[in-house]
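Visitor: What follows is each chain in one-letter form.
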Amino acid sequence: MRRGQRRLPFDGRALVVPVGFLVLAEIAARAAGYQSSSLPWPSEILTAGVGALLDGSILRATGQTLLSAAGGLAIGSSLGLVLGALMGIFLIFHRLAEVTIECLRPIPSVALIPIVLLIFGLGYAMEITLIAKTSFWPMLLLTIAAVRGVKPRLLEVAKLLRMGLVARIAKVVIPAALPGIFVGFRLAVGAALVVAVTVEIAANPLGLGYAMMRAQEALRPDLVFAYLIWIGIVGWLINGSLVAVQRRLFSGAPHPSEEPAQ
Amino acid sequence: MSDGGAAKTASPPLISFRGIEVVLGGKLILTGIDLDIRRGEFLSVVGPSGCGKTTLLRLAAGLLSPTSGSLSYEGRTIAEPQRDVAVVFQDYSDALLPWRTAAGNIALVYETLGTPRAERADRVAAVLRRVGLGEHADKYPSQLSGGMQQRLQIARCLAQEPKVLLMDEPFGALDAITRQSLQDEFLRIVAETGTTVFFVTHDLEEAIYLGHRVIAMQPRPGRIAATHAVDLPYPRDQRTTPELPEFLHLRRVLLDFIRGADA
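Going line by line, the protein sequences match chains A and B. Going left to right, the first sequence walks through residues 3 to 264 as the numbering used here numbers them. Going left to right, the second sequence walks through residues 365 to 627 as the numbering used here numbers them.
Hints in this document: simulated from the structure, not taken from any laboratory. Please note: incorrect hints may appear among the correct ones.
No more than 30 Å apart at the CA atoms, straight line, and that leaves these computed lysine-lysine pairs for BS3-like [to be verified]:
#1 A:Lys153 <-> A:Lys173
#2 B:Lys503 <-> A:Lys173
#3 B:Lys527 <-> A:Lys135
#4 B:Lys503 <-> A:Lys153
#5 B:Lys503 <-> A:Lys161
#6 B:Lys527 <-> A:Lys153
#7 A:Lys153 <-> B:Lys391
#8 A:Lys173 <-> A:Lys161
Work out the full structure: start from the sequences and follow the hints.
Guide: Rendered as structure tokens:
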């Protein structure tokens, strides 16, 4: 992307497929005189979406979902980062926790809804807990791998400089592992959004998932579709900004991808 | 055995290996190592691959403990890295911190040594100037050529103000022209600072060109097979030094030796 030019942060051609599909669907539906109580016309979805945007309901629901996701993500990923760093650095922690991790990890977050509901009842706390649980794993596992993957040579350099343990971790291990850790964070963000909406659909009267359920109960398929598309757009925007952050952080000082002349 | 120029027999050795044996993974890597690294000397170590020259360097660096025998630095037995012993590795791109600029890589040393914040910037700049990287302080390692990255690693070691520089084939990955200019620059810096150098290389000519003494090692198990004094005057010259009879003679002796060891 050239600087100083106002351009879309993505290739405009990427819009051809979705927009083209919607336009074709609209034309086909109108031409065939298609009517259905479950599959609305694209124009009806658009109208419903704009309406929900204008009356603020979609933004309020988005705020609730993102707040839960951010809260859970903050707790889960920071725990994952700290424990992952410890387990990556000290083999003994990993040995101690390995079996526990592998047993707990496959439990689906949704399966914990009953117990979390008993503990916290409905509301933000239960949703945040489940999101924290979900985003903890990718962060933990990728941090362990990234810390393990730090080049032994760098650790030797730190040792030769007689750096203390804290300095060694803060100035060498973590920065060296950061690109890998960030990949874990991106996975954690994706998982957090999925679980937030899932928990809202299944139980919690909050956010986008619950708004979709209400639209469904009101027999408003146009609104359900509008929410679905909106969730897609929100996810896409979040991932896009994370990719941009990643590029900014890790390509200014790139890891030498090309070997110097031998 | 005659002594090279700056080495003084009178003063006690800086690093001394006594009856050292190293066993790694059940395999005998080094045996019967008795060696003194003298103050101010430039000691080159050559030998075929697998002869344990890098292991010898790692012992001296305190990165590895001998299985038996003793290793002393300034008369004290050592088992860990020493503050004034610095190591230059061959793989400069792995040894530098890619997320720190050239200046940041040097600053790491002063941060670790606890140098007062106010002094750091000046000292970083001075060290970078010394190796000819004064103009490149704000560049990241990946923006520097291989030769410049190796200079940066050497600069980081100089920032430690070491008494001994341990170098593991530092110029081995560089092209011939860059290698020659770095050799000369490095000799100049060593002459200025009086640093003791332990220089591992597989390049016989480099070993002779740089050193006061050359140690030849043999593999299976790794051991010191011969020690040669290099009676060549300093400063050495890339054009004339390699043509001197003593240079050619020593080159021949070492070449025969390596061939013999391989056969």
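Visitor: Please go over all the hints and tell whether each is borne out by the structure.
Guide: Hints, verified against the model:
1. A:Lys153 <-> A:Lys173: 14 Å, holds
2. B:Lys503 <-> A:Lys173: 19 Å, holds
3. B:Lys527 <-> A:Lys135: 53 Å, violated
4. B:Lys503 <-> A:Lys153: 22 Å, holds
5. B:Lys503 <-> A:Lys161: At roughly 25 Å apart (the allowed maximum being 30 Å), Lys161 (chain A) and Lys503 (chain B) satisfy the hint.
6. B:Lys527 <-> A:Lys153: 27 Å, holds
7. A:Lys153 <-> B:Lys391: Measuring from Cα to Cα gives roughly 25 Å; hence the hint holds.
8. A:Lys173 <-> A:Lys161: Holds, at roughly 12 Å.
Violated hint: 3 only; the structure is consistent with all others.
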